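Student: Each chain, written out:
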Amino acid sequence: MKDGRQFAGPDEPRSWRELSRKTKPRPLSARAKRRRLGRVLRLAFYLGVFAAGAFAAYEVHSYWKRNPNLFRTAKEAKPLREIELNSDGVLDRDWVSGRLRFPEGIALMEVDIDAARVRLEEGGQVETAVLARKFPDVLVVRLRERLPVAKIKGERALMVARDGVVYEGHGYERGMVDGLPFLTGAGIVPGDAGFGKIEGMDVVAELLGTANSGADNLYRSFREVSLARLATDHVLVVKMAEVERVTFGLREDFYRQLARLDLILEELRAKNPGAGIKSVDLSVSGSQVPVLLDESAPAQTDSSQRNQPRFFQQ
Amino acid sequence: MSSNRYIGAIEMGTSKVNVLIGQFELSKSLHIVGFGECQSHGIMKGSVVDAKRAGEAVHAAIAAAEKVAGDIRMEAVYLAQTGAHLDGFYNAGVSSISATDGRVRSGDIERVWALAKAKNLPEDRSVVHQLRRPFRVDGQIVRDPEGIVGEKLEVGCWTVHGQTARLRDNINIIQDFQISVRNLVVSSLASARVVTSPLDRQQGVLVLDIGAGTTDFVLYRDGAVLVTGVLPVGGVHLTNDLSLGLSLGEGEAELMKIRHGRATFAARDRGEKVWVDGSLSLGDRQVSRMAIEQIITARVREIFEVVLKKLGNAFSPETTGAGVVLTGGTAKLDGIADVATAVFGVPARVGEAPAWVEKQELRDPRHSTGLGLLEYILMHERELAGARRSRSGLGGILGTLFGGKK
Numbered sequence: 001m002k003d004g005r006q007f008a009g010p011d012e013p014r015s016w017r018e019l020s021r022k023t024k025p026r027p028l029s030a031r032a033k034r035r036r037l038g039r040v041l042r043l044a045f046y047l048g049v050f051a052a053g054a055f056a057a058y059e060v061h062s063y064w065k066r067n068p069n070l071f072r073t074a075k076e077a078k079p080l081r082e083i084e085l086n087s088d089g090v091l092d093r094d095w096v097s098g099r100l101r102f103p104e105g106i107a108l109m110e111v112d113i114d115a116a117r118v119r120l121e122e123g124g125q126v127e128t129a130v131l132a133r134k135f136p137d138v139l140v141v142r143l144r145e146r147l148p149v150a151k152i153k154g155e156r157a158l159m160v161a162r163d164g165v166v167y168e169g170h171g172y173e174r175g176m177v178d179g180l181p182f183l184t185g186a187g188i189v190p191g192d193a194g195f196g197k198i199e200g201m202d203v204v205a206e207l208l209g210t211a212n213s214g215a216d217n218l219y220r221s222f223r224e225v226s227l228a229r230l231a232t233d234h235v236l237v238v239k240m241a242e243v244e245r246v247t248f249g250l251r252e253d254f255y256r257q258l259a260r261l262d263l264i265l266e267e268l269r270a271k272n273p274g275a276g277i278k279s280v281d282l283s284v285s286g287s288q289v290p291v292l293l294d295e296s297a298p299a300q301t302d303s304s305q306r307n308q309p310r311f312f313q314q
Numbered sequence: 001m002s003s004n005r006y007i008g009a010i011e012m013g014t015s016k017v018n019v020l021i022g023q024f025e026l027s028k029s030l031h032i033v034g035f036g037e038c039q040s041h042g043i044m045k046g047s048v049v050d051a052k053r054a055g056e057a058v059h060a061a062i063a064a065a066e067k068v069a070g071d072i073r074m075e076a077v078y079l080a081q082t083g084a085h086l087d088g089f090y091n092a093g094v095s096s097i098s099a100t101d102g103r104v105r106s107g108d109i110e111r112v113w114a115l116a117k118a119k120n121l122p123e124d125r126s127v128v129h130q131l132r133r134p135f136r137v138d139g140q141i142v143r144d145p146e147g148i149v150g151e152k153l154e155v156g157c158w159t160v161h162g163q164t165a166r167l168r169d170n171i172n173i174i175q176d177f178q179i180s181v182r183n184l185v186v187s188s189l190a191s192a193r194v195v196t197s198p199l200d201r202q203q204g205v206l207v208l209d210i211g212a213g214t215t216d217f218v219l220y221r222d223g224a225v226l227v228t229g230v231l232p233v234g235g236v237h238l239t240n241d242l243s244l245g246l247s248l249g250e251g252e253a254e255l256m257k258i259r260h261g262r263a264t265f266a267a268r269d270r271g272e273k274v275w276v277d278g279s280l281s282l283g284d285r286q287v288s289r290m291a292i293e294q295i296i297t298a299r300v301r302e303i304f305e306v307v308l309k310k311l312g313n314a315f316s317p318e319t320t321g322a323g324v325v326l327t328g329g330t331a332k333l334d335g336i337a338d339v340a341t342a343v344f345g346v347p348a349r350v351g352e353a354p355a356w357v358e359k360q361e362l363r364d365p366r367h368s369t370g371l372g373l374l375e376y377i378l379m380h381e382r383e384l385a386g387a388r389r390s391r392s393g394l395g396g397i398l399g400t401l402f403g404g405k406k
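Chains A and D are the protein sequences, given in the same order. Numbering of the first sequence is given in this note's numbering, commencing with residue 1 and proceeding in unit increments. Numbering of the second sequence is given in this note's numbering, commencing with residue 1 and proceeding in unit increments.
It cannot be assumed that every hint is accurate.
Derived pair list, reagent style DSS-like, types lysine-lysine, alpha-carbon separation capped at 30 Å [what the hints assert, rightly or not]: (1) A:Lys33 <-> D:Lys52; (2) A:Lys33 <-> D:Lys119; (3) A:Lys33 <-> D:Lys67; (4) D:Lys119 <-> D:Lys332; (5) A:Lys151 <-> A:Lys278; (6) D:Lys16 <-> D:Lys332.
Calculated directly from the structure, the hints in this document are not laboratory data. Everything numeric in this text was worked out from a predicted model, so none of it was measured.
Starting from the given sequences, assemble the full structure and let the hints guide the process.
Tutor: See the structure below:
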């Protein structure tokens, strides 16, 4: 209980707090008039902002009523008429349509862009897919595809890309696929979303790419590339048409190694025509390259020199 | 709501309008951030006689204070009230203790307090304060009667009331400036808060705030207000007396009072004279210093004697252990405390501003009402903040839902 601040109860005398303000005009000081004017102007401003907001909302609503197309919902959109494809690889529109499997008559707005993108990318051949709606009825699909650098033996041909992704290739020319070397020595691990990535493919791709561009004659005779000794010995072993085993080291530039291989093969052909070559080891450092000839090949040389490694001086 | 709020303390006096602005921080502390003072117009003895002129003066003082405070706008004000229209009466509430074990319950306290407050006023008057005196259980004063065993519980209420029209005029002047009036506080109560201590009030003290137009007084006993009152006499009347008695103009009389005024005789030489203007200009003349002192002494003594008469049996030297404290602009007169001592028969002193008032200008006794209002603001806003916190808690919400008072 405190002194004199509470309002008067029903049995208590009237308190000053119950005094009502007189409503008839009173003489105000100039300052009071200015302050009151300021308050009125502030109130008018807030009311004006509120009125403007209400008017804007009314106008938007009216415009929408007159132009319902502006905010058309998905249900009212036109059905998908065409898929416009833009790809840097070999996949075509039929492949895309077959992959997406849209129901007949689906509206453009009903297409789930994210789900469609995932379906296109999950095979592995498509590295990235970008989809966009082009109103009123066209779906634009842009694809960036992976390029195969090798293939894997199996019931069906599996391509291996530079980043190690394994996938079933579609649309590739037979000649191109036939020209790819097989990849051996790599563990292919099937997973829920396809095959697991193969480690070390970037090195293989570099060797094959260098050979393809700089030593096409050699590249065309590449039959297999083995990753079996990559992790342990840091070498790639290539089986060629005329050489059973060519060992490339990782310490030296592939181009130099290919150049030496080319020279060695040329010399051997000149000195030992028809001789089979068992192995050429380019990974040995130094200027000498060990070469082992095939003992079963017709001898053109002295028998004492059969199965003896030869060293080619660079 | 911001944690920092600006609340004003306004005193609309006969000679000056004082505005103090306090910055109330986090419902805990108050800092004086603005001060405005303006010559008063249209206000006589605490009552508005010319609303327009009074408004101009008050609004100018408010604007000046707000500018000093950094162009802020006050949230609300506490307004000091004075004037002969203010009056007071005592009413007691007595009730037997209802509980069978004889213990006082909160219901007994509320009932007896309601009885003490329940006395109607004439139609044209409104309550300004209802000041509770200490509770008594079976005649013994108790600080908090709840839980105490007894048969009879009583409490007294000193109601301060004023003319509704005059109160409304004062409130309207503030509200015209788009500021709300949060509380009305009688000037004497405000002044007493700064010039007396809780110990003084417990021992019993009489505070006189002698302003320009009025003399406000409050008598404390046992820590509570016993009596309040207002005399429509103040420093202006001393000036008028000098003006009439010495045939001086109002300005000259005011100068005489300020320069040579004393409430007791000090002039040894009856023939001692002083210059009215003191600038040695043509037309300047001399008046007797003794005459000045005689006139002022008589009026001051009369003021004190009237106050003593108004207090009646309520005042006794035995129950006023802390004596008499004088404040207000007129309290600066030399020797005024001696006159008070002689009239009231208890030691008297001129009150000092509390230590927390650092600005020298504000330590002048004429600002004690404004400073007292600031103390009132701090006390009441803290209580309001505490009440708000308890209302917002679960207990408060449940209390409100099931019939608790707000």
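Student: If a hint holds in the structure, say so; if it doesn't, say that too.
Tutor: How the hints compare with the structure:
Proposed proximity of Lys33 of chain A and Lys52 of chain D is supported: the alpha carbons are some 11 Å apart, at most 30 Å. The straight-line distance between the Cα atoms of Lys33 of chain A and Lys119 of chain D is roughly 40 Å, outside the 30 Å bound, and the hint therefore fails. For the hint linking Lys33 of chain A to Lys67 of chain D, the alpha-carbon distance of about 18 Å falls within 30 Å, and the restraint holds. Note on Lys119 of chain D and Lys332 of chain D: the hinted pairing is violated, with a Cα-Cα distance of about 40 Å set against a maximum of 30 Å.
The suggested pairing of Lys151 of chain A with Lys278 of chain A holds, with an alpha-carbon distance near 24 Å, which does not exceed 30 Å. Distance hint between Lys16 of chain D and Lys332 of chain D is fulfilled; the C-alpha atoms sit about 16 Å from each other, no more than 30 Å.
In this structure, the earlier hints numbered 2 and 4 are contradicted, and the remaining ones agree with it.
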